[in-house]
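Engineer: The listed protein sequences correspond, in order, to chains A and B. Quick note: the first sequence, position 74, residue 74 per the numbering used here, numbers continuous. Quick note: the second sequence, position 177, residue 177 per the numbering used here, numbers continuous.
Just to be clear, a hint being listed does not mean it is correct.
Once the Cα atoms are required to be at most 27 Å apart in a straight line, the calculated DSS-like pairs of lysine-lysine come out as [stated by the list, open to error]:
{"id": "1", "chain 1": "B", "residue 1": "K9", "chain 2": "A", "residue 2": "K35"}
{"id": "2", "chain 1": "A", "residue 1": "K75", "chain 2": "B", "residue 2": "K150"}
{"id": "3", "chain 1": "A", "residue 1": "K42", "chain 2": "B", "residue 2": "K16"}
{"id": "4", "chain 1": "B", "residue 1": "K231", "chain 2": "A", "residue 2": "K42"}
{"id": "5", "chain 1": "A", "residue 1": "K39", "chain 2": "B", "residue 2": "K183"}
{"id": "6", "chain 1": "B", "residue 1": "K170", "chain 2": "A", "residue 2": "K64"}
{"id": "7", "chain 1": "A", "residue 1": "K35", "chain 2": "B", "residue 2": "K189"}
{"id": "8", "chain 1": "B", "residue 1": "K170", "chain 2": "A", "residue 2": "K32"}
{"id": "9", "chain 1": "A", "residue 1": "K39", "chain 2": "A", "residue 2": "K57"}
To give an idea of the interface, some chain A residues facing chain B are shown, with a C-beta separation under 10 Å as derived from the structure [said to hold, decoys possible]:
{"id": "10", "residue": "F19"}
{"id": "11", "residue": "I21"}
{"id": "12", "residue": "C26"}
{"id": "13", "residue": "T36"}
Reference listing, derived: stretches of chain B covered by chain A, where coverage requires no fewer than 3 residues with Cβ under 8 Å from a Cβ of chain A [claimed, not checked]:
{"id": "14", "segment": "38-51"}
{"id": "15", "segment": "62-73"}
{"id": "16", "segment": "97-105"}
{"id": "17", "segment": "143-156"}
These aren't lab readings, by the way, just hints derived from the structure by calculation. Owing to the predicted nature of the structure, the values given are computational and were not obtained by experimental measurement. Even for Gly, the Cβ is constructed at its ideal location relative to N, Cα and C.
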Amino acid sequence: MIQNFISMNGYGFFVWLSFSITILTCGILYYKTYKTLKKYEKAFAKELSQLSEADRKIILEKSKVANQVFASYNKSI
Amino acid sequence: MFSLINPSKIFGWIEKLINFINSIFFIVLSLALTFALIISPPDYLQGDSVRIMYVHVPSAWIALAAYTCIALLSIMRFIFKLKNLNLISKSIAPIGLLFTCLAIITGSLWGQPTWGTWWVWDARITSMFFLLIFYILFVLSNKLIKEEEKANKVSSVIAIVGLVNIPIIKYSVDWWNTLHQPKSIDILKGTSSIHASMLAPLTLMLLVLLLYCALIFLMKYKTEIIRIKKKNIKRI
Chain A
1 MIQNFISMNG YGFFVWLSFS ITILTCGILY YKTYKTLKKY EKAFAKELSQ
51 LSEADRKIIL EKSKVANQVF ASYNKSI
Chain B
1 MFSLINPSKI FGWIEKLINF INSIFFIVLS LALTFALIIS PPDYLQGDSV
51 RIMYVHVPSA WIALAAYTCI ALLSIMRFIF KLKNLNLISK SIAPIGLLFT
101 CLAIITGSLW GQPTWGTWWV WDARITSMFF LLIFYILFVL SNKLIKEEEK
151 ANKVSSVIAI VGLVNIPIIK YSVDWWNTLH QPKSIDILKG TSSIHASMLA
201 PLTLMLLVLL LYCALIFLMK YKTEIIRIKK KNIKRI
């Protein structure tokens, strides 16, 4: 039964290769996108932390995006 | 209406949506793969090779839908002069490019056992190949042109020009004699010639891939928003 499932009645090579390529390339794009997002989050949070206390406070009050990125970065470290 | 796509307003929702999709993704994926590879029956003519349809068809649909979205957003960008639309287009492009490649590769893998050839320059496959070229040009124009405003304009023009190709892909099987079979599902009329036992895994695989697209789009969009905010940190 398992033999039949793997061979797919002679079409196993085509079927498994199609699904494997799909899953593999989707996985690679996910990994690359996730890594880039984390890199930008880290760089942005780092830039914010290098600002003076007063400047940072103003930016965090004005920008929701900066506030959330900074908060989530601080939570992760 | 456009305030709904304001990055600052929706930024908080992006993280929540990413977490939600992550939490259900593997359950839906397991279910879809079980249906596609185990439960669904082989075709009476094509045998088990028909299972390639469960990745090929949703990939092609997503490729077309993604390009249509990019082109319509580019048109809206010229009309409404909204820069945010570029961020959305740029976030959709890698998804469309990936699924165009997948549609062509899995189509080729399906073509060999079914038609006896990996590739043929028929109307559907050739027009899909042109779609791939338009995607590559769109992505490259955004990557290679350093000046952002110019890159946005050039990529928008490419997207709009390529829109002509979409109805050609869609109706190529009706307009010309091709190796491709005529459409089995008519979304506009809501009719299908596919049996329910095969329609269920097809729908599930489409759902999985749409969830995946949403996940990638949200992560890309979030990255683009952070990139812009980082660039303009002094102006905040």
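Engineer: Decide, hint by hint, whether the structure agrees.
Structural biologist: The hints, checked one at a time:
no. : hint           : in the structure
1   : B/K9 - A/K35   : holds, 24 Å
2   : A/K75 - B/K150 : violated, 38 Å
3   : A/K42 - B/K16  : holds, 19 Å
4   : B/K231 - A/K42 : holds, 14 Å
5   : A/K39 - B/K183 : violated, 44 Å
6   : B/K170 - A/K64 : violated, 42 Å
7   : A/K35 - B/K189 : violated, 42 Å
8   : B/K170 - A/K32 : violated, 31 Å
9   : A/K39 - A/K57  : holds, 23 Å
10  : F19            : holds, 6 Å
11  : I21            : holds, 6 Å
12  : C26            : holds, 6 Å
13  : T36            : holds, 5 Å
14  : 38-51          : holds (count 6)
15  : 62-73          : violated (count 0)
16  : 97-105         : holds (count 4)
17  : 143-156        : violated (count 0)
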